[in-house]
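Below are the chains, spelled out letter by letter.
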Amino acid sequence: MKKKFQLILTSGIVLLLVACGGSKQNNDQEKDDKLEGEVKIDGSSTVYQISEAVAEEFKKSYSDVRVTVGLSGTGGGFKKFGRGETDINSASRPIKKEEIDLCNTNNIQYTDIQVAFDGLSVVVNPQNNWCNDITVAELKKIWEPEAQGKIKKWNQIRPEWPDQEIHLYGAGTESGTYDYFTEAIVGKSHSSRGDYTASEDDNVLVQGVSTDKNALGFFGFAYYDENKDKLKLVPVDDQKDENGKGPILPSIETVKDKSYSPLSRPLYFYVSSSAMKREEVQKFVSFYIEQAGMLAKEVGFIPMTDEEYGAQKSKFEEFLNTHK
Amino acid sequence: MNKKIREKIIEYILALCALITVLTTISILYVLISEAFIFFTEVSIIDFFTDTQWTPLFAEKHFGILPLLTGTLLTAAIAIAVAMPIGLTIAIYLNEYAHKNFKYVIKPLLEILAAVPTVVYGFFALTVVTPFLQQYFTGMAGFNSLSAGFVMGIMIIPYISSLSDDAITAVPSHIREGSLALGANRIQTAFRVVIPSAASGIIVSIMLAISRAIGETMIVAIAAGQQPRLTLNPLVPIETITTYIVQVSLGDVAHNSLEYRTIFAAGITLFAFTFLLNNLSFWFNKKFHRKYV
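So the sequences go chain by chain: A and B. Position one of the first sequence corresponds to residue 1 (the numbering used here), numbered consecutively onward. Position one of the second sequence corresponds to residue 1 (the numbering used here), numbered consecutively onward.
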């Protein structure tokens, strides 16, 4: 009996070793081990999440290429990009005039590639039957630092809402979502009240809002999409008619046509022509465009359509050809 | 000679083992105190104990430990309110009423409760107890101290029942028999004679259970919420000291920053509480322990 057991164990180990050896060999064959070098990315801490995911996938196929992803913020990143210190700068807004000037003085040519859309969702519990829309001004009243310890009940926000406590759930201070939300709603980045359930883990927020009748929370659209049946999405009214009248629900369409404002925006990265001359950067950029849709969704953003990614790809190829 | 040296070596190894535990405690204390000391050079200790808001990670920083402390004590109080009556009843039943064989079967089974991983208890509270309680308490939030405290109470039942049971068993049978001989019935004997005789042991078991409840992390981190709130309402999300430490150490807060040091200040507060309780129970045991001849 004992011998039999030993036999099974040994053959199991042998099998395992063979299996491991085999798969390793396969991986080596798939890898393009000729490509070497470094790709330097910096910029937006929001797009960082996509870039980091892309970089991780990229390293699986090209292990000799070093990809560094910084998160200095869009503005800080453009300063480095304009001096030619980085190859790629990710951005959660289009490039500004002074940043263009900086690039021109240092003779840096570039193109922008759009990678995804971002649409923050404001959500309440499905049992909440009073909050059917909300204005940006009301959101500001709830979330600004002055609200801390003062705005505690629903009827303080809109008199016809019930005299019940409001329980807030939102992104933690270290997340890009927090910066984005505070900038769009409060008007100043990284500035909000502190007495709410703050978590970098969006699943905690989903759990909190979905089980708390008095909850109001915000997180990336992808998390709402995953948990549609447990949450109620609240349309947001920015009270500016040029962006579409009345309260608007975030959806793939309203985020793309910018009518879901101010909580939606396109995300980009910029790549310089000098960096494009290096093969590893070319490979990385086309890999980024190919993978962006899938990975963007995975990390919580709204992907573009296949045609749009195709358009970005041809834009990139055209840029490549004109700057060879 | 050879044998003597061998004996010595073994003795040193044993002493080393004992020292390791002491050294660990000392180094933990050292880290806590030194980091907390730097923290208190930047934040006034008066603010720390009197401010009613705890928002060290936000633009408007407040460093009042009270909301976290209230959260910790609230969940612990709920846990004790559940565990004490149940645990004591079990201990008395097992000693005074149950058949001996039944006791030998049921006691290890009860102790399994303490062996369940706390993360399992946490999800049990979040996904079973909370939805159940929500049927009876309207407006109860998904994260709340009631279900976390309740489940924590279940978890610490064996601490109270087992230790109290040992204390009650230690009461000599002649005291029990004397009471019965004087005409008292079993319940009178149990509550008026046996329990007072075993009081010191029972109190120690409760103290240990409290200190276990205060230090418990996983259950409250999962089920009680992450919002520091100065309240005694058991139906809303709160945050305990342990949850805050988990939240910050798992997040991306820069090391060596004031925000990061808050966890050491919170940690030393927690340590002070459990240390106090453990010493108090030690003192109780020494002072009130009755010896029977």
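Keep in mind that the hints were calculated from the coordinates and are not lab data. Each hint should be verified, as a subset may be incorrect.
[Unchecked claim] Sample of chain A residues with no beta-carbon within 12 Å of chain B, all distances over it, derived:
1) 168
2) 169
3) 204
[Said to hold, decoys possible] Below 25 Å or equal to it, Euclidean Cα-Cα: the simulated SDA-like pairs (lysine to any residue) are:
4) A/79 / A/60
5) A/152 / B/107
6) A/152 / B/169
7) A/153 / B/245
8) A/232 / B/51
9) A/152 / B/35
10) A/140 / B/59
11) A/153 / B/93
12) A/152 / B/52
Glycine included, C-beta positions come from ideal geometry on N, C-alpha and C.
Right, here's what the structure says about each hint:
{"no.": "1", "hint": "168", "result": "violated, 8 Å"}
{"no.": "2", "hint": "169", "result": "violated, 8 Å"}
{"no.": "3", "hint": "204", "result": "violated, 7 Å"}
{"no.": "4", "hint": "A/79 / A/60", "result": "violated, 30 Å"}
{"no.": "5", "hint": "A/152 / B/107", "result": "violated, 48 Å"}
{"no.": "6", "hint": "A/152 / B/169", "result": "violated, 53 Å"}
{"no.": "7", "hint": "A/153 / B/245", "result": "violated, 29 Å"}
{"no.": "8", "hint": "A/232 / B/51", "result": "violated, 36 Å"}
{"no.": "9", "hint": "A/152 / B/35", "result": "violated, 35 Å"}
{"no.": "10", "hint": "A/140 / B/59", "result": "holds, 15 Å"}
{"no.": "11", "hint": "A/153 / B/93", "result": "violated, 48 Å"}
{"no.": "12", "hint": "A/152 / B/52", "result": "holds, 15 Å"}
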